[in-house]
Amino acid sequence: MPLNVLLPMVVFGIVGIAVLLHYMGWSKPATLADESAARKAWLEEFPDDPPKRVVLSHDHHAALIDTEKGHGVVWPMGADTTARYLTDAKITRTTKGLRIDLPDYTAPRIHLTLDTDEANQWPDLMEHSA
Amino acid sequence: MTDQITFPDVVSWAVPFFIAAILIEVLWIAMKGKGGRYETRDAVTSLIMGAGNVASGILLGFVAFGFFMVLWALTPLDLGTSWWVIALCFVLDDLRYYWVHRFGHRIRWVWASHVNHHSSQHYNLTTALRQTWTGTFTFMMIIRSPLILLGFHPAIVLFCGGLNLIYQFWIHTEAIGKMPRWFEAVMNTPSHHRVHHGRNARYLDANYAGVFIVWDKLFGTYVPELEEEKPDYGLVHNLGTFNPIRVAFHEWIGIFKDATQPGITWRDRLNYCIMPPGWSHDGSRDTSEEIKRKYLAHNPEKRGSPGF
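Protein chains in written order, with the numbering used here: chain S, 437 to 566; chain E, 808 to 1115.
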């Protein structure tokens, strides 16, 4: 197929599908129903490291996890979740909550939307074990 | 010897069909409320990976094609372009696909290219388009050498490879349950390929087929989709980014970091490139064998069931 036909078709196809999905309401981030759901989401990534403590964010979109090995976080990846340990994390306050920079090419930056009191409290919880 | 043969670039001609089929699947899911899931950023990442795959083919395709033309100049054999030659080439190229795909899951250097296809936690028609940008660097074009040397013209081999890729598009869906029994027995289907994309211990390293599932049955890698265990899609360690650049290159970066770390032997450095994904010099990570072993330690009653 000639490039002058293929290129616009690909661009309009991607943009069109993105707009359609967004307006169908399929851009909402994953929600963790309760601590048990957060625990399950953590264990999906780290099945050998059961949580000792789970702190669910007020909006149920993220969770702070403590295990024998250290602190971690579960957060939405679109409609699903993923999780990482906070080893060597740099934590910064933002207007919406916290920004976590990790030395991890597959998860370099995590933006957590938190209430003011949570955003004040979580950095301490990330540094102290249960 | 036939040198000037051209076949259509079937993959680019299939783009309108890909877009139409995605729209149909989206509407189907919206109307029925079942048959799969879509998420905007995930789908956009997959589509950009697909566009990047086409672009990388345009930019780097000359490497593989040039290699094939050198082989074509060397071989004294020429099977011509009759329909049975194309049909035979399609079947043999699918056998070639099976092995390249199997290597893609068992050799980290090749996995570095293929991993992005498995990096979505969704399984829909956009996932089919989440293709590699770095296939050229795996050197897996070597596996096609026997076909060229046997007398299949490079244009026919690439044409069959394109048809193979197009076939695999429609099997990336949850909207289709199981096909008729005779079809499931011979062909790769949505059910068989859902297993391949599962990160469940049971489904790891299974169903490498492209078009014909018979290769998995022949070489002992076939696992059926079980009613009681729905595939959980994605990677053993899922990505925390939708950035297509990071999706495309993350495993290459991982290999580089692992192989260049201080204090390990040269054998370890080589093994970080060629051993199965999850291998580590100190045993601190899990390969798929170790994941299955740990799973069975917690679920001994599953021993001997499909996938274990």
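Since the hints were made in silico from the structure, they are not lab data.
In this text, a Cβ means the ideal position worked out from N, Cα and C, and glycines have one as well.
A couple of the hints might just be wrong.
[Said to hold, decoys possible] Below, simulated DSS-like cross-link-like pairs (lysine-lysine); rule was C-alpha separation at most 27 Å, straight line:
id : chain 1 : residue 1 : chain 2 : residue 2
1  : E       : Lys1064   : S       : Lys505
2  : E       : Lys1109   : E       : Lys1099
3  : E       : Lys1037   : E       : Lys1101
4  : S       : Lys476    : E       : Lys1064
5  : S       : Lys532    : E       : Lys1037
6  : E       : Lys841    : S       : Lys488
7  : S       : Lys505    : E       : Lys1099
[To be verified] Not the full set, but computed from the structure, chain S residues with beta-carbon under 10 Å of chain E:
id : residue
8  : Leu457
9  : Leu492
10 : Asp495
11 : Gly514
12 : Thr517
13 : Ala525
14 : Asp540
15 : Ala555
16 : Pro559
[What the hints assert, rightly or not] Not close to chain E: a few residues of chain S, all C-beta gaps over 10 Å, as computed:
id : residue
17 : Glu481
18 : Lys488
19 : Arg489
20 : Asp502
21 : His507
22 : Met513
23 : Thr518
24 : Leu522
25 : Lys532
26 : Arg535
27 : Thr542
28 : Asp551
29 : Asp553
30 : Glu554
Going through the hints against the structure:
1. At roughly 23 Å between alpha-carbon atoms, E:Lys1064 and S:Lys505 fall within 27 Å of each other, so this suggested pair holds.
2. Of the supplied pair hints, the one linking E:Lys1109 and E:Lys1099 holds, its CA atoms being roughly 10 Å apart against a limit of 27 Å.
3. The straight-line distance between the Cα atoms of E:Lys1037 and E:Lys1101 is roughly 20 Å, inside the 27 Å bound, and the hint therefore holds.
4. Distance hint between S:Lys476 and E:Lys1064 is unfulfilled; the C-alpha atoms sit about 30 Å from each other, more than 27 Å.
5. Straight-line distance between C-alpha atoms of S:Lys532 and E:Lys1037 comes to about 37 Å, which puts the hinted pair past the 27 Å bound.
6. A C-alpha spacing of about 36 Å is found between E:Lys841 and S:Lys488, which places the hinted pair above 27 Å, so the restraint is violated.
7. Proximity of S:Lys505 to E:Lys1099 is assessed by CA-CA distance (about 23 Å); at most 27 Å being required, the pair is judged to hold.
8. Checking S:Leu457 against chain E: minimum C-beta separation of about 4 Å stays under 10 Å; hint holds.
9. Annotation: interface hint on S:Leu492 violated; nearest CB of chain E at approximately 19 Å, more than 10 Å.
10. Below 10 Å, beta-carbon pairs count as interface contacts, and S:Asp495 has none with chain E, the closest being about 18 Å; its hint is therefore violated.
11. Because the beta carbon of S:Gly514 sits about 4 Å from the nearest beta carbon in chain E, less than 10 Å, this interface hint is met.
12. Taking 10 Å as the C-beta cut-off, the interface hint given for S:Thr517 holds, the closest approach to chain E being about 8 Å.
13. Taking 10 Å as the C-beta contact cut-off toward chain E, the hint placing S:Ala525 at the interface is violated, the least distance being around 12 Å.
14. This hint holds: S:Asp540 has a C-beta 7 Å from the nearest C-beta of chain E, less than the 10 Å allowed.
15. This hint is violated: S:Ala555 has a C-beta 20 Å from the nearest C-beta of chain E, more than the 10 Å allowed.
16. Given hint, S:Pro559 at the interface with chain E, is violated; its Cβ is 19 Å from that chain's nearest Cβ, farther than 10 Å.
17. For S:Glu481, the requirement that its beta carbon stay farther than 10 Å from each beta carbon of chain E is not met, with the minimum near 6 Å.
18. The non-interface label for S:Lys488 is consistent with chain E: the shortest C-beta to C-beta separation is roughly 19 Å, beyond 10 Å.
19. Consistency note on S:Arg489: stated as away from chain E, and its beta-carbon is indeed over 10 Å from all of that chain's, at 22 Å minimum.
20. Even its closest Cβ contact with chain E, about 19 Å, leaves S:Asp502 beyond 10 Å, as expected for a residue assigned away from the interface.
21. The beta carbon of S:His507 sits about 16 Å from the closest Cβ of chain E, which is more than 10 Å, so the claim that it is off the interface holds.
22. Remark: the non-interface label on S:Met513 conflicts with the geometry, its nearest Cβ contact in chain E lying 6 Å away (cut-off 10 Å).
23. The claim that S:Thr518 lies off the interface is violated: its Cβ sits roughly 4 Å from the closest Cβ of chain E, which falls inside the 10 Å cut-off.
24. Distance check on S:Leu522: its Cβ is at least 12 Å (rounded) from any Cβ of chain E, clearing the 10 Å threshold; non-interface status holds.
25. A cut-off of 10 Å between C-beta atoms confirms that S:Lys532 is not in contact with chain E; the least separation is 18 Å.
26. With a cut of 10 Å on Cβ distances, S:Arg535 stays outside the contact zone with chain E, its closest approach being about 13 Å.
27. Interface exclusion of S:Thr542 from chain E breaks down, the closest Cβ pair being 5 Å apart, not more than 10 Å.
28. Residue placement check: S:Asp551 keeps its beta carbon more than 10 Å from all beta carbons of chain E (closest about 23 Å).
29. No Cβ of chain E approaches the Cβ of S:Asp553 within 10 Å, the least distance being about 26 Å, so the stated non-interface status holds.
30. Taking the minimum C-beta to C-beta distance to chain E, about 20 Å, the non-interface status of S:Glu554 holds against the 10 Å cut.
In summary, the structure is inconsistent with hints 4, 5, 6, 9, 10, 13, 15, 16, 17, 22, 23, 27 from the numbered list given earlier, while agreeing with the others.
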